[in-house]
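Protein sequence lines correspond, in order, to chains A, B, C and D.
For any residue, its number in the working numbering is found by taking its place in the first sequence, counting from 1, and adding 14.
For any residue, its number in the working numbering is found by taking its place in the second sequence, counting from 1, and adding 14.
For any residue, its number in the working numbering is found by taking its place in the third sequence, counting from 1, and adding 14.
For any residue, its number in the working numbering is found by taking its place in the fourth sequence, counting from 1, and adding 14.
Take these hints with a grain of salt, some might be off.
To be verified - Facing chain C, according to a computed beta carbon distance under 7 Å, are these residues of chain A, among others: (1) Q20; (2) D41; (3) V42; (4) H45; (5) V49.
Everything labelled a hint here was simulated from the structure, so no lab data went into it.
Even for Gly, the Cβ is constructed at its ideal location relative to N, Cα and C.
Protein chains: 4
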Amino acid sequence: MTTKPQIPRRADFPVFRGITTRWMDNDVYGHVNNVVYYSWFDTTVNAFLIEQGVLDPASGDAVGVVVETLCRYHDSVAFPEPVEAGLRVERIGTSSVRYEIGIFRVGAELASADGHFVHVYVDRETRRPVAVPEAVRAVLLPLTDHQP
Amino acid sequence: MTTKPQIPRRADFPVFRGITTRWMDNDVYGHVNNVVYYSWFDTTVNAFLIEQGVLDPASGDAVGVVVETLCRYHDSVAFPEPVEAGLRVERIGTSSVRYEIGIFRVGAELASADGHFVHVYVDRETRRPVAVPEAVRAVLLPLTDHQP
Amino acid sequence: MTTKPQIPRRADFPVFRGITTRWMDNDVYGHVNNVVYYSWFDTTVNAFLIEQGVLDPASGDAVGVVVETLCRYHDSVAFPEPVEAGLRVERIGTSSVRYEIGIFRVGAELASADGHFVHVYVDRETRRPVAVPEAVRAVLLPLTDHQP
Amino acid sequence: MTTKPQIPRRADFPVFRGITTRWMDNDVYGHVNNVVYYSWFDTTVNAFLIEQGVLDPASGDAVGVVVETLCRYHDSVAFPEPVEAGLRVERIGTSSVRYEIGIFRVGAELASADGHFVHVYVDRETRRPVAVPEAVRAVLLPLTDHQP
Numbered sequence: 015m016t017t018k019p020q021i022p023r024r025a026d027f028p029v030f031r032g033i034t035t036r037w038m039d040n041d042v043y044g045h046v047n048n049v050v051y052y053s054w055f056d057t058t059v060n061a062f063l064i065e066q067g068v069l070d071p072a073s074g075d076a077v078g079v080v081v082e083t084l085c086r087y088h089d090s091v092a093f094p095e096p097v098e099a100g101l102r103v104e105r106i107g108t109s110s111v112r113y114e115i116g117i118f119r120v121g122a123e124l125a126s127a128d129g130h131f132v133h134v135y136v137d138r139e140t141r142r143p144v145a146v147p148e149a150v151r152a153v154l155l156p157l158t159d160h161q162p
Numbered sequence: 015m016t017t018k019p020q021i022p023r024r025a026d027f028p029v030f031r032g033i034t035t036r037w038m039d040n041d042v043y044g045h046v047n048n049v050v051y052y053s054w055f056d057t058t059v060n061a062f063l064i065e066q067g068v069l070d071p072a073s074g075d076a077v078g079v080v081v082e083t084l085c086r087y088h089d090s091v092a093f094p095e096p097v098e099a100g101l102r103v104e105r106i107g108t109s110s111v112r113y114e115i116g117i118f119r120v121g122a123e124l125a126s127a128d129g130h131f132v133h134v135y136v137d138r139e140t141r142r143p144v145a146v147p148e149a150v151r152a153v154l155l156p157l158t159d160h161q162p
Numbered sequence: 015m016t017t018k019p020q021i022p023r024r025a026d027f028p029v030f031r032g033i034t035t036r037w038m039d040n041d042v043y044g045h046v047n048n049v050v051y052y053s054w055f056d057t058t059v060n061a062f063l064i065e066q067g068v069l070d071p072a073s074g075d076a077v078g079v080v081v082e083t084l085c086r087y088h089d090s091v092a093f094p095e096p097v098e099a100g101l102r103v104e105r106i107g108t109s110s111v112r113y114e115i116g117i118f119r120v121g122a123e124l125a126s127a128d129g130h131f132v133h134v135y136v137d138r139e140t141r142r143p144v145a146v147p148e149a150v151r152a153v154l155l156p157l158t159d160h161q162p
Numbered sequence: 015m016t017t018k019p020q021i022p023r024r025a026d027f028p029v030f031r032g033i034t035t036r037w038m039d040n041d042v043y044g045h046v047n048n049v050v051y052y053s054w055f056d057t058t059v060n061a062f063l064i065e066q067g068v069l070d071p072a073s074g075d076a077v078g079v080v081v082e083t084l085c086r087y088h089d090s091v092a093f094p095e096p097v098e099a100g101l102r103v104e105r106i107g108t109s110s111v112r113y114e115i116g117i118f119r120v121g122a123e124l125a126s127a128d129g130h131f132v133h134v135y136v137d138r139e140t141r142r143p144v145a146v147p148e149a150v151r152a153v154l155l156p157l158t159d160h161q162p
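Okay, chain A solo, but in the shape it has when bound (with noise of 0.2 Å):
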């Protein structure tokens, strides 16, 4: 139904952030519910390219538009304990941008959880499709080293 995932490791990616949980995170169940992830996917994401000074939300003229993610779920994880999110870019295309992540407890070697977030590039106006903008490219570049 779904093939059986390798569950990345820590090495398999370059950079990582450090993300809090919340109480409200847990579900019914007792851990963090499957929708979480996802903020932390895009929390990642974001927080790089903002802290490299490649994305300001309130200007630019190419925008970053979220065309697919996709998340698999290895191991749960619960509030109160924090999280490491692990950024590795897979491919930088024309217009797109494909980015796994990995979200490890902390210190573990096997990702908890881990996926994809795919962005493509539009101009903020007319919405077609722009090239990746250079300056985003020069950052993400080095991330492309760590392909497992």
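We have chain A; now place chains B, C and D onto it with these hints.
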């Protein structure tokens, strides 16, 4: 990078559920954030199971654990408009169920977003996979008819 | 510690809005988490303003900034039941508006929760208080009639 | 309409907890939405209780039920900056506890927001008020020292 998806149509889904949007669903770009769609996915699946009488989160030996979800975004939606979530069962396996969900603007023929949601049933205590409960199987069978 | 509140009744509110709950709204105790009620508060206020044509988040010189909110919880609600949010305007000041909101189970006479939500209008650029826009004042005036 | 609040200072709180913001916390105005602050409030209170060993959501005869929360917003914060949440116990009653929380930008002297959060302890089965458990009282007592 991602294969160009076929956008699902309304007729591809046997049941629908109305869902209202919330002010905070819209992100800085003024449209519903990509993460929120997944909250509609598990709302649609779990509401169906609860209202059919086959899911009681506080009891039951077999628990449906989410192992994979995916969403493709075709068009944006924005608060305050409500959406309609279509639900179909793509496959019932020995211990897993794969649902397909389509998110539609009210009255729209083509989905604004679509994706899948995979449950694996496990024993509440041992967390080992178990067979999809017969009662669950019975209510899902009618949702397998609308394959596009 | 807190004064015993009078529980609002349905007749205390001139307008209502239906809101659907979501699976992830329920926390580990199996009821909608206290935080979620506030998302219903600002949904109720902002949807009213948008649908009356007096709020366009992307434009307008005067912006309503939230300066205080409060919620009292009388009884729990739980996914998958929907709720009905009642809205009343308690006071329109020079630059601020105080709304009262009641959250009701469908058809219930007494509120499950209630509270207030205070907007102060400020200039979008300078962030200094400005007068409540005349168009806003006009649509809110009819909501001031139902003082309990 | 609301009494002009005294803005709390860092020294008013005996313990702090670092909390990271998320991309979707920012609403259409580009700042963290008012609702999100309450998720930080119950995160701060519950994390303290869990880490002190006096809250296990899955067990315990006495359960803390939220009966009232309030937040005053003095200044905005925005993703991707983290915040620091200060916690103080204002009063321990027979069956209730009133917490005060302050949300600070990293290193800031004055709170960006502050409010209260009131728990009433009830019997898990009968839902009738019970005494604040002795173990809870013991870990909260040291947090009552910093009254401003």
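Next on the checklist: So, against the hints stated earlier in the document, which numbers end up violated here?
Outcome noted: Violated hints (numbers, rising): 1 and 4; every other hint is consistent with the structure.
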